[in-house]
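J.: Those sequence lines, one after another, are chains A and B.
When we follow the working numbering, the leftmost residue of the first sequence carries the number 509, and every step to the right adds one.
When we follow the working numbering, the leftmost residue of the second sequence carries the number 13, and every step to the right adds one.
Worth flagging that the hints you see were computed from the coordinates, not collected in a lab.
Among the hints, a few may not be true.
[As the list claims (entries may be wrong)] Subject to a maximum C-alpha distance of 25 angstroms in a straight line, what follows is the list of computed DMTMM-like cross-link-like pairs (lysine to aspartate or glutamate): (1) Lys-667/A with Asp-131/B; (2) Lys-172/B with Asp-889/A; (3) Lys-177/B with Asp-703/A; (4) Lys-642/A with Asp-781/A.
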Amino acid sequence: MHVASLSLTDFRSYPAVELDLEPGATAFVGPNGQGKTNLIEAVGYLATHSSHRVATDAPLVRQGAQRAIIRSVVVKDDRRALIELEINPGRANRARVNRSPVPRPREALGLLRTVLFAPEDLALSKGDPSERRKFLDDLLVARAPRFAGVRADYDRVLKQRNALLRTAATTRIGRRRGSRKQDDDAAFAAAGAGDVMSTLEVWDSHLVRHGAELLAGRLDLVEALRPLAAKAYATLAPSSAPAGLEYRSSAGEDQADDKLSTDVSVLGINREDLAERLRAGLAEVRQAELDRGVTLVGPHRDDLLLTLGDLPARGYASHGESWSFALALRLAAYDLLRSDGGDPVLILDDVFAELDDQRRRRLTDIVAPAEQVLITAAVPDDVPAQLAGSRFDVTEGSVLRVR
Amino acid sequence: MYEGVVQNLIDELGLLPGVGPKSAQRIAFHLLAAEPADVKRLAHALLEVKEKVRFCRICGNVAAEAECRICRDQRRDPQVICVVEESKDVVAIEKTREFRGRYHVLGGAISPIDGVGPDDLKIRELMARLADGQVTELILATDPNLEGEATATYLARLVKPLGLKVTRLASGLPVGGDLEYADEVTLGRAFEGRRLLDV
Ligand SMILES: Nc1ncnc2c1ncn2[C@@H]1O[C@H](COP(=O)(O)OP(=O)(O)O)[C@@H](O)[C@H]1O
Ligand SMILES: [Mg+2]
Ligand SMILES: [Zn+2]
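Whenever a hint applies, use it, and build me the whole structure from the sequences.
T.: Printed below as a string of structure tokens:
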């Protein structure tokens with residue numbers, strides 16, 4: 509697939525900009541701080557409904573504006589779709605497809621698929637588990653948009669459950685203040701504790717249901733990614749130890765078989781088994797959860813462990829190896845999406861400048877055949893010759909086609 | 013902490029559902045800055061709604077008298093109770109003409125984020141209605157979103173020992189939504205195809 513046009517209104521530094529794009533490689537070139545990344549960030553946002561740079565939407569809206577709008581025509585197998593997305597920080601976004609509003613923005617997901625490489629990716633190998641969870645979940649949604657719903661439901665259940673755990677300790681005080689009933693105050697307070705526990709069981713069952721679905725999706729994904737990431741890593745860093753992926757579940761961490769991925773390859777990914785495991789995990793930490801007021805078991809506490817040979821990459825890998833691993837994960841995602849059908853749009857934000865010659869050549873060889881590659885670079889020399897296609901110069905917010 | 017009367021107002025506002033301490037403060041200062049006539053109108057509306065609108069003492073639906081129209085209607089099947097979150101859901105379901113039983117209005121759904129637990133809903137009243145064994149089916153028609161589902165699960169577990177038939181509206185309702193926004197046909201169909209809830 510490819511992006512045939514991009515139009516922004518009040519997105520980041522752009523009051524208004526419109527570009528026509530074509531398949532093949534397109535480079536956005538200009539000094540730092542001029543608005544190159546802003547352009548490709550918009551393309552990435554349209555595909556995933558989240559930014560690769562910030563966790564909240566407010567910075568995406570131009571200073572002083574109320575909302576930002578991204579419009580784009582996406583072409584897949586000769587079929588054109590006009591996708592429009594209105595970003596409303598703090599409120600629900602709105603989306604239209606071919607000029608018809610969709611009931612919920614997430615129903616516009618899946619029309620455009622991208623794989624974005626950026627300097628921030630280093631956090632995939634060096635950063636917190638949340639970075640890797642986001643990587644997995646974003647990819648999960650790109651492959652099967654229904655997971656956007658699973659993820660949203662899980663997050664909501666989690667919030668509710670955490671709120672309940674937090675109030676558990678203060679139930680009695682809150683209740684007296686809230687109800688002002690003199691009559692059965694004592695009975696009320698006594699019922700309070702049981703009340704919390706019985707509702708907690710309800711939230712447990714919902715957490716387990718949505719959690720098991722998310723977990724099953726992630727495990728399935730990790731199985732598919734593992735050989736692709738290993739292959740990509742070996743290509744980028746042929747002399748390094750082999751790269752491996754292991755899914756670490758927060759459920760049953762103390763058990764000897766803490767490698768859930770190993771379990772699963774034996775058992776097959778059975779949602780009932782996973783649910784049972786989550787249920788058991790929650791039971792184990794019940795008291796700690798009540799003490800601390802947070803949910804301690806579930807996909808939101810899991811990690812994707814990256815290994816090089818027998819060592820974990822995090823904390824052990826060199827800077828170069830960490831970079832190669834991050835790139836390998838993105839390349840594996842690209843491979844996977846491609847094998848599902850429909851070449852995703854590749855976006856390379858300031859990536860080549862960070863690489864040595866060898867890795868730069870290898871990455872170029874892999875990405876060159878893609879249907880569309882969007883590249884940002886500070887100077888023309890940072891764009892490999894093999895990827896010389898269209899070029900826009902970006903200076904002080906103006907975007908001019910020079911080739 | 014602010015001066016006595018202002019803090020009073022903030023405290024009172026903070027008791028409202030969905031109003032946290034920050035919002036309570038914002039509303040209080042908004043009212044302080046507002047025209048006296050506007051504030052009077054608001055105060056009047058608050059008092060009037062308390063004086064004139066009542067809730068059915070049986071089912072919790074809004075009513076003009078002590079009991080609502082549906083509870084007084086002898087033709088309605090007393091063996092089936094449909095549990096909904098709000099009075100507006102009663103209106104939506106009545107429009108479908110699919111249901112001839114009685115209602116029970118909970119007054120919301122379980123939502124810890126909003127500080128709403130089972131005791132804040134009319135659940136004890138529901139249990140009292142089920143005590144005499146006349147009711148044979150309970151239809152849980154809470155909203156098809158997470159809070160509605162959780163409330164349905166909670167109720168299904170609570171009444172399990174009573175051995176009634178407990179059903180939930182069929183899927184097909186827009187998930188994540190609000191019962192009142194479902195169109196009549198969809199809602200009617202969801203009623204017809206309700207399924208047994210097993211917890
Ligand atoms: N919400 C916003 N409103 C206005 N300007 C913004 C906003 N967000 C970022 N900018 C501006 O965009 C510029 C950065 O653009 P960016 O695309 O990251 O640069 P680069 O060309 O280096 O990739 C900065 O000058 C920044 O001030
Ligand atoms: Mg940049
Ligand atoms: Zn009534």
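J.: Are the hints correct? Go through all of them and say.
T.: Consistency of the hints with the structure:
{"no.": "1", "hint": "Lys-667/A with Asp-131/B", "result": "20 angstroms, holds"}
{"no.": "2", "hint": "Lys-172/B with Asp-889/A", "result": "72 angstroms, violated"}
{"no.": "3", "hint": "Lys-177/B with Asp-703/A", "result": "24 angstroms, holds"}
{"no.": "4", "hint": "Lys-642/A with Asp-781/A", "result": "24 angstroms, holds"}
When held up to the earlier numbered hints, the structure conflicts with hint 2 and nothing else.
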